[in-house]
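Enquirer: Chain by chain, the residues run as shown.
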Amino acid sequence: KNQVEQSPQSLIILEGKNCTLQCNYTVSPFSNLRWYKQDTGRGPVSLTIMTFSENTKSNGRYTATLDADTKQSSLHITASQLSDSASYICVVSAKNYGQNFVFGPGTRLSVLP
Amino acid sequence: NAGVTQTPKFQVLKTGQSMTLQCAQDMNHEYMSWYRQDPGMGLRLIHYSVGAGITDQGEVPNGYNVSRSTTEDFPLRLLSAAPSQTSVYFCASRDRQVGYGYTFGSGTRLTVV
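Just so you know, the sequences run in chain order D and H. Here the working numbering is used: position 22 in the first sequence is 22, and no number is missing along the way. Here the working numbering is used: position 86 in the second sequence is 86, and no number is missing along the way.
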């Protein structure tokens, strides 16, 4: 069964600190992996997308990594800001899997002043 | 360019009532989807469409109907609301090329009492 797991479920850090969120998946055959940021009361917004051949991609203070062999991805946030408080969702899509992208449950990040 | 617009933002229904959640996009995207988001779970696909006149079921289609008479609009109908349908509903659209991520609406919070 295609699944995406994320850890931790929630995380609290102080402003200015770094953090790393984890994503493990069993989706196969793998097509691509996306990280989304979802602010409270809003729809998810795409941060990064990675295909099988890519092992790192950055978007400002966000850096995503992908290990397709171990089926793991991480999202590293550098020098966190209060506006980083949100849920971060890992989404994996499989080849020939129609329009169904498998969503992880998300990690809820709270950045405190 | 408004992106994906969902209405209403909030709705309370009584068990057995029917209603339609509206979704419109102005990006000329062929693919549109409806997801529901429940606490502690990833977004789950309800129905999707790959173009006007074409719809298909997702992971949790029971109790919902959709239609796609135009490229822009993709309404979701609840036939006879049940408390289990209390959730946050997101409409999303994307370009046909798989490398493009979804653009999400801001969501509709539905409570069935």
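Keep in mind that the hints are not guaranteed to be accurate.
[Unchecked claim] Looking from chain D toward chain H, a few residues come up when the C-beta cut is under 8 Å (computed):
#, residue
1, P8
2, I13
3, M50
4, F52
5, A68
6, Q72
[What the hints assert, rightly or not] Far from chain H, some chain D residues (derived; all Cβ distances over 10 Å):
#, residue
7, Q9
8, Y36
9, R42
10, V45
11, S46
12, D69
13, Q81
14, P113
Hints were generated in silico from the structure; no laboratory data involved. No residue lacks a Cβ here, since even glycine has one placed at the ideal position from N, Cα and C.
Enquirer: For every hint, state whether the structure bears it out.
Expert: We went through each hint and held it up to the structure:
| no. | hint | verdict |
| --- | --- | --- |
| 1 | P8 | violated, 13 Å |
| 2 | I13 | violated, 21 Å |
| 3 | M50 | violated, 11 Å |
| 4 | F52 | violated, 12 Å |
| 5 | A68 | violated, 17 Å |
| 6 | Q72 | violated, 17 Å |
| 7 | Q9 | violated, 8 Å |
| 8 | Y36 | violated, 8 Å |
| 9 | R42 | violated, 6 Å |
| 10 | V45 | violated, 7 Å |
| 11 | S46 | violated, 4 Å |
| 12 | D69 | holds, 22 Å |
| 13 | Q81 | holds, 22 Å |
| 14 | P113 | holds, 27 Å |
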